[in-house]
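Trainee: Chain by chain, the residues:
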Amino acid sequence: QKEVEQDPGPLSVPEGAIVSLNCTYSNSAFQYFMWYRQYSRKGPELLMYTYSSGNKEDGRFTAQVDKSSKYISLFIRDSQPSDSATYLCAINAGGTSYGKLTFGQGTILTVHP
Amino acid sequence: DVKVTQSSRYLVKRTGEKVFLECVQDMDHENMFWYRQDPGLGLRLIYFSYDVKMKEKGDIPEGYSVSREKKERFSLILESASTNQTSMYLCASSPNVLPYEQYFGPGTRLTVT
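If you read the sequences in order, they're chains A and B. Residue numbers for the first sequence follow the working numbering, beginning at 1 and rising by one. Residue numbers for the second sequence follow the working numbering, beginning at 1001 and rising by one.
These aren't lab readings, by the way, just hints derived from the structure by calculation. Since this is a predicted model, take the numbers as computed values, not measurements. One or more hints might be untrue.
Below, a list of computed lysine to any residue pairs in the SDA-like style, where the Cα atoms sit at most 25 Å apart [claimed, not checked]:
no., chain 1, residue 1, chain 2, residue 2
1, A, 100, B, 1101
2, B, 1057, B, 1027
3, A, 100, B, 1016
4, A, 42, B, 1078
Some chain B residues close to chain A (C-beta under 10 Å, calculated; not the full set) [claimed, not checked]:
no., residue
5, 1006
6, 1016
7, 1020
8, 1096
9, 1105
Quick look at which bits of chain A chain B covers, simulated, 3 or more residues with Cβ under 8 Å [claimed, not checked]:
no., segment
10, 37-49
11, 81-93
12, 101-107
Backbone N, C-alpha and C fix where the C-beta goes; we use that ideal spot for every residue, glycine too.
Excised from the complex, chain A in its bound form (with noise of 0.2 Å):
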C-alpha cells in the first residue's frame, strides 16, 4: 500500500464550480499537510499547508484534514481556467525529517471556460 493514495483524474470543469481534490495516507504519524500546484512545465509551488486536523481557508482555497480518517482534502470556490493545473498532495512527519515529504501521484485539473 503506498503511503499516499491520490486519485489522478483528469478532471475537468467549468469556469465557476467548486473543486474538491482528495488524498488519504496511512501512516498515522504524518503530522503536517500540504498541498502543491504544478503548471505546466514548472516545478511545484506550495499552495496551502495545515496541521494536525482541521480547516484552513485562504481566498478562494480551503484545505481540510481529517486525521481520524486519515483524508485530506482541497476545495476550490469559484475555479478558474487559471486554476488548470496538476495539484499535489504532501505529508511530512515532522520533527527530525528535515521537511522529507511523500508526495501523491497528483492530480490534473482543467478548468474550461
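Chain B: place on chain A using the hints.
Mentor: Here is chain B on its own, set in the frame of chain A:
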C-alpha cells in the same frame, strides 16, 4: 523571491555515461532535495541534504549519488546512466524554520538512449 536554478532544462545522454545534474539556490536554505517525477508515480525522493557534506537517502536512491560541498549547491550524479533513469528531475530547497515549505526549480528532462 527564492530562486532555485537547475543547470539544464533538457539533457540527452547515452546508456553508461556519467551524468551530473546541478542545482543552485540563492536563499541560504539548509535543506536541499532531489526528486524524480514520472507519470502515474508522482514525485519520488531520491536524496536529500540537511547541511553541507551531509546527505540522506530518500525512497529511491539506487543508481544515484549526491554531493553538497557548498550550502547553495546540490548535485545529483548518475554513475552509469540507464534507460530507466529517463525522467524529469526536480531540485528543491527549504529553510529549517519551515522545512516542508519547499521551493522547486524548473526541472531537467533527462533522456537516456
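Trainee: Find the hints from earlier in the document that the structure breaks and name them by number, from lowest to highest.
Mentor: Violated hints (numbers, rising): 3, 6 and 7; every other hint is consistent with the structure.
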